[in-house]
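Novice: Could you put together the complete structure from these sequences and hints?
Counting with the numbering used here, you get residues 1 to 433 for the letters of the sequence shown.
Treat the hints as calculated values from the structure; they're not laboratory data. Beta carbons: idealized from backbone N, C-alpha and C, even for Gly. Check the hints yourself; a few may be wrong.
[What the hints assert, rightly or not] Using 30 angstroms as the maximum straight-line C-alpha spacing, the simulated DSSO-like pairs for lysine-lysine come out as follows: (1) K230 x K310; (2) K143 x K208; (3) K143 x K288; (4) K296 x K429; (5) K208 x K137; (6) K414 x K387; (7) K230 x K288; (8) K387 x K429; (9) K414 x K208; (10) K208 x K161; (11) K208 x K429; (12) K130 x K143; (13) K161 x K230; (14) K288 x K310; (15) K230 x K208; (16) K143 x K161; (17) K130 x K161; (18) K310 x K130.
[Stated by the list, open to error] Pairwise CB distance ranges, derived in the manner of DEER restraints: (19) L427 x N225: 16 to 26 angstroms; (20) D262 x A426: 16 to 26 angstroms; (21) K13 x R326: 26 to 36 angstroms; (22) E406 x D168: 23 to 33 angstroms; (23) D168 x Q132: 14 to 24 angstroms; (24) A343 x T401: 29 to 39 angstroms; (25) D70 x A343: 58 to 68 angstroms; (26) Q132 x L47: 30 to 40 angstroms; (27) V68 x S347: 46 to 56 angstroms; (28) D168 x A18: 18 to 28 angstroms; (29) D423 x Q132: 36 to 46 angstroms; (30) P127 x K13: 49 to 59 angstroms; (31) D423 x P333: 34 to 44 angstroms; (32) P422 x D72: 29 to 39 angstroms.
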Amino acid sequence: MDARSIIAQLRQKETPDAAALNWFARGLADGAVSDAQAGAFAMAVCLNGLSDQGRVALTTAMRDSGDVLDWDLDGPVIDKHSTGGVGDCVSLILAPMLAACDVYVPMISGRGLGHTGGTLDKLEAIPGVKTQVSEAKLRRMVKDNGCAIVGATGAIAPADKRLYAVRDVTSTVESVELITASILSKKLSAGLAALVMDVKVGSGAFMKTADDARTLARALVDTANGAGCKTAAVISDMNQPLAPALGNAVEVATCMEVLSGDSGAAPRLVDLSVALGVELLALAGVAKPDATRQLKTALSSGAALERFSKMVAALGGPPDMLDDWRTHLPDAPIVGEVVARDAGHVSAIDGEALGLAVVSLGGGRRVESDSINPAVGLTDVVMLGQKVDKNQPLATIHAATEDAAEAAAQAVLKAVSIGAAPDSQALIKEVVT
1 MDARSIIAQL
11 RQKETPDAAA
21 LNWFARGLAD
31 GAVSDAQAGA
41 FAMAVCLNGL
51 SDQGRVALTT
61 AMRDSGDVLD
71 WDLDGPVIDK
81 HSTGGVGDCV
91 SLILAPMLAA
101 CDVYVPMISG
111 RGLGHTGGTL
121 DKLEAIPGVK
131 TQVSEAKLRR
141 MVKDNGCAIV
151 GATGAIAPAD
161 KRLYAVRDVT
171 STVESVELIT
181 ASILSKKLSA
191 GLAALVMDVK
201 VGSGAFMKTA
211 DDARTLARAL
221 VDTANGAGCK
231 TAAVISDMNQ
241 PLAPALGNAV
251 EVATCMEVLS
261 GDSGAAPRLV
271 DLSVALGVEL
281 LALAGVAKPD
291 ATRQLKTALS
301 SGAALERFSK
311 MVAALGGPPD
321 MLDDWRTHLP
331 DAPIVGEVVA
341 RDAGHVSAID
351 GEALGLAVVS
361 LGGGRRVESD
371 SINPAVGLTD
381 VVMLGQKVDK
391 NQPLATIHAA
401 TEDAAEAAAQ
411 AVLKAVSIGA
421 APDSQALIKE
431 VVT
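Specialist: Below is the structure:
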């Protein structure tokens, strides 16, 4: 086989067979395929697509280009993945909730991408936490505590790492086939028995329309099931931030409030976490009413908080996170409110703009080499449909400098529209099985 013939097939709108896609994935991983050939492959797939069988074959080939974990535990190994949104810190709540329900969650996560925050960046806002661990440590953490949120090693899906870098510079990131293979090759390398996908749709999501979200959800579900992993997808609303906090340390603080028993701190965050957990436990064989009860008990009893605190300590964080978490999270030196210029209802929120405002504050990366200030962000962000008076706060800004705070205030004012009350938005749009 050779790369040119595989690319030629794709150019002619033919899907290469599984053996050819396996060869190409190995070539991406070991360097036998050049950058030019990787770019041509990505563009051909982006323009002409793959068959359903081809999508499964590419995903499994990229998964198998590196290490694939195998587990010997006394319960199912399951996980969740989100396509990215703002104020979305579900992973920090859901992983320990699930662990308290006697399942195992090896959650291999990523860093911030564009306007969306990254789970690893949020977790590393806790002093001392290091999310890059060895496979041996990951196995110990999962066995001992039921959950571990960590970064992928270089041995996990190396073909995807190579192809993703090429996609980023060849304008092929948007391909559903390549998105699907990229997400699932990493997730399925964790040796999962079940997976739930949280596909975001709305102003703060990469997928802006219901049709686009549904197309991606169906591709992810069908491909993962075709690769042997029981999978469902929840299409959830991202026309406003999921939590009232955007930024790394401030989102961790919100999660700690929720885990400590204050579900009113972020009701949409709690509702979505439970909904995703119910779908996952159902895939693992738990009846949905029982799953709902177990998850809510894990949260209200403090069992999930205990699992989270043990995980933080195992990753090098403070050993007393359970009791004294407020003293460990960094604070920004500049804190101030941005207030409404008019009275009315919050009629629309540009979630992407809010996410980019946090990036501009230093809470995200414009390029991969950028460092992150974990303390900056937004809190107390208003909700869609909320009634506000003139000069009422729309958000609280946490900034490193006065200039950065003023720029963020202007961004918030542009992102939050005040007018007539909008139609209510359901948090869960659809479940795809």
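Novice: Hints first: check each against the structure and report whether it holds.
Specialist: So, going through the hints one by one against the coordinates:
For the suggested pair K230 and K310, the alpha carbons sit about 29 angstroms apart, so the restraint of at most 30 angstroms is met. Of the pairs offered as hints, the one joining K143 and K208 is violated, with about 39 angstroms between alpha carbons and a cut-off of 30 angstroms exceeded. Between K143 and K288 the alpha-carbon distance is near 25 angstroms, which keeps this suggested pair within the 30 angstroms criterion. Taking the CA atoms of K296 and K429, the gap is about 22 angstroms. The hint holds against a cut of 30 angstroms.
Restraint check: the Cα-Cα separation between K208 and K137 comes to about 39 angstroms, which exceeds 30 angstroms; the hinted pair is violated. Restraint check: the Cα-Cα separation between K414 and K387 comes to about 17 angstroms, which is no more than 30 angstroms; the hinted pair holds. A distance of roughly 16 angstroms separates the Cα atoms of K230 and K288; the hinted pair therefore holds under the 30 angstroms criterion. In summary, the hint linking K387 to K429 is supported, as the alpha carbons are separated by about 24 angstroms, within the 30 angstroms threshold.
At most 30 angstroms may separate the alpha-carbon atoms for a hinted pair to count; K414 and K208 meet this at roughly 19 angstroms. For the proposed pair K208 and K161, the alpha carbon gap of about 26 angstroms is at most 30 angstroms, so the pair holds. For the proposed pair K208 and K429, the alpha carbon gap of about 13 angstroms is at most 30 angstroms, so the pair holds. Among the hinted pairs, K130 with K143 is consistent with the structure: their alpha-carbon atoms are about 19 angstroms apart, no more than 30 angstroms.
Restraint check: the Cα-Cα separation between K161 and K230 comes to about 24 angstroms, which is no more than 30 angstroms; the hinted pair holds. As the CA atoms of K288 and K310 are separated by approximately 28 angstroms, the hinted pair is consistent with the 30 angstroms bound. A hinted pair counts as satisfied when its Cα atoms are at most 30 angstroms apart, and K230 with K208 qualifies at roughly 27 angstroms. Restraint check for K143 and K161: satisfied, since their Cα atoms lie roughly 28 angstroms apart, inside the 30 angstroms limit.
A threshold of 30 angstroms between alpha carbons decides the hint, and for K130 with K161 the separation of about 21 angstroms falls inside it, so the pair holds. Pair hint K310 plus K130 holds up; C-alpha atoms about 14 angstroms apart against a cutoff of 30 angstroms. Here the CB-CB span from L427 to N225 is close to 25 angstroms, well matched to the stated 16 to 26 angstroms. Checking the proposed 16 to 26 angstroms range against D262 and A426 shows it holds: the Cβ atoms sit about 24 angstroms from each other.
Here the CB-CB span from K13 to R326 is close to 58 angstroms, at odds with the stated 26 to 36 angstroms. The given range of 23 to 33 angstroms is respected by E406 and D168, whose C-beta atoms sit roughly 32 angstroms from each other. A hinted range of 14 to 24 angstroms for the beta carbons of D168 and Q132 is consistent with their spacing of about 21 angstroms. At about 31 angstroms, the CB distance of A343 to T401 agrees with the hint of 29 to 39 angstroms.
Against the hinted window of 58 to 68 angstroms, the Cβ-Cβ separation of D70 and A343 comes to about 60 angstroms, which satisfies the hint. Here the CB-CB span from Q132 to L47 is close to 36 angstroms, well matched to the stated 30 to 40 angstroms. Between V68 and S347 the beta carbon distance is about 48 angstroms. The supplied range of 46 to 56 angstroms therefore holds. Checked against the given bound of 18 to 28 angstroms, the beta carbons of D168 and A18, roughly 26 angstroms apart, stay inside it.
For the pair D423 and Q132, the beta carbons lie near 44 angstroms from each other, so the given range of 36 to 46 angstroms is met. The supplied range of 49 to 59 angstroms is met by P127 and K13, whose beta-carbon atoms lie about 53 angstroms from each other. For the pair D423 and P333, the beta carbons lie near 40 angstroms from each other, so the given range of 34 to 44 angstroms is met. In this structure the supplied range 29 to 39 angstroms is violated for P422 paired with D72, their Cβ-Cβ distance being about 51 angstroms.
Going through the hint list in order, the structure does not satisfy hints 2, 5, 21, 32.
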